[in-house]
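Taken in order, these protein sequences are the chains called H and L. With my numbering, the residue at position 401 of the first sequence is 401, and numbering never jumps. With my numbering, the residue at position 113 of the second sequence is 113, and numbering never jumps.
If you are wondering where the hints come from, they were derived from the structure by calculation, not from laboratory data. Any given hint could be a false lead.
[To be verified] Under 10 Å between C-beta atoms, here's a sample of chain H residues computed to sit facing chain L:
#1 Arg41
#2 Gly174
#3 Ala337
#4 Lys361
Quick reminder that beta carbons are idealized off the backbone N, C-alpha and C, glycines included.
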Amino acid sequence: MQTPEGGRRWMSGIGPTVLTTVIAGLVALAVVALLVNIFQRRQEARNPFYRVVELTDDTEDPAVWGKNFPLQYDQYRRTVDQVRTRYGGSEAVPRTPTLVDPRSVVAQSRLEEDPRLKTMWAGYAFAQDFREERGHAFMLDDQTFTERQQVAKQPGTCINCHASVYVPYKKLGGGDLFKGFEKMNQMPYSEARTHVKHPVACIDCHDSTTMALRVTRPAFIEGIRAVKASQGTPNYDVNTMAPRQEMRAYVCGQCHVEYYFKGAEKRLTFPWSKGLRVEQILSYYEENPHDDWTHAETGAPVLKAQHPEFEMWNQGIHARSGVACADCHMPYVRVGALKISDHHIRSPVLNINNACQTCHKWPEEELRQRVYGIQDRVLALRNRAMDSLVALIGDLREARSRGIAEDHLALPRKLQRHAQFMLDFVEAENSMGFHAPQEALRILGESIDYSRQGQLALRGAPVPGPPAPAKPPAR
Amino acid sequence: MLTGRVLQTISASAVGVAVAVGAYTFIYARGYSYLTNDPGACANCHIMRDHFNAWTRSSHHAVAVCNDCHTPPGIVGKYVTKGVNGFHHSLAFTTGRFPEPLRITPRNAAVTEKACRKCHSEIVQAIESHRRAEQLSCIRCHSTVGHLE
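Let's have the full structure, built from the sequences with the hints guiding it.
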């Protein structure tokens, strides 16, 4: 027990000394902690990369690349996430695995969401099974097990964009990428499937020694050469002539494009030699006659637009401003002292802070509403265009059942082909018009007009019809 | 029992250690550089490296360093601003708790806004002589003159 007197003695005696010792000790402790922290931050800044394995041009497995680039690999693996946006993304729908399809989770069916799609695609495998796309991680499984495989014989060409094919192509071609590409195109899907192991992987976009972006798909190398030739640059070689910022879109354009299988050898071809706009693509298909299938209800020779994200983006303001796919879908993200491209590729709407706000200094909610505002309008017109097309298909079917002469059906069928392709060009494009809002609405408007003209033509009224392949409106 | 003399020795040693470690940390962390005008000092922490790199390529790099636009004129205002920002930045960087992308605070935005008018007062005066309800912001449109990043 201390008396007041004892306390006073402590204060005047050893007390201050002890207190000073304790405070000095704590200060020293804090400063050392700070020193260590500063040291750590300096170390962070120093070495961004440790090479623990040797990567070669034959290293296919992304897990091996991941040993050298653990941050990017970690993000890459997150494309398994299933998250909905208003008009895209995917929802995990449970299903009972079967012998032919062991998947226990799939994405929601688009055919159930909009049964008009079945009418549009009548007679084609897409009318059988068409689901919302899932992330990159699922591309190979979802293609291997889709019901489309069972109702139609798919060629090996399909693998081009559903697996890591760079190394398999080289192996098949004895070192020649193009030869391997040609060989796999001609295989049946099931045989081609045995040659590939992984969904899209590091080596599909990156050079193994420099990590520079690199186009590995022969179809894109040929396609972009055709585009550049149409613009007056002959012999374009994308891998030596494209600047880095363009490569940040081109590596995505290897797959996110409109395509068809050319000839008996099923060569994957991008219909770009006249340009990237929808009417340029349509007139390519007129000059190089090609139908994807004959419509089951109307007998029209029709085309399926695939997923022309690259073409649509090219018509939009972001492309015009030099903003590449990777800028929004793989925005820079800081991890420790490093700034890396986010390899968790996904909708920018799920990542507005990094994807949009780097350039657009507006609140997140405001930006989200701008995107949805554009998409709501495109959806509304898409639905009108879909109704118009279904009405034309109904009229054509009815006219056929009445036994109208085939040559009277030629023009309405041609108009169906145009209306349908233009509608599908927006429908199949994964952005609900956002990649090029005005272009998307223009295409839908023209689609509606072609459906209208088709119905008029069936009634014998004179209509202008689709324009003869000619120069499209200049930009 | 410890005598007063032993205790005093321990205390003095503790103070000595604290001062020495503090001094070493100050030098190791280039603390003195923050008293200078050198833009390199602002990039001591790697978080500012991109901004620094962007500044070296900006239209203003030949005529203005960080302090010209990010501190107010006058020795007192300059060092108060340096002190306040220095404390907040150090705290954020040490703890790692800060939102990204980085955004300027209202106080610092006001400093920068005034800085434009230090050199460009004539042209700004001509623009602002038309009465307006709100003051115009230079950097709203000219956001890239200092550094794009």
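To see whether the hints hold, each was checked on the structure:
1. Arg41: Cβ of Arg41 of chain H sits 7 Å from chain L, so the hint holds.
2. Gly174: With a closest approach of 45 Å, the Gly174 of chain H hint is violated.
3. Ala337: holds, 4 Å
4. Lys361: With a closest approach of 8 Å, the Lys361 of chain H hint holds.
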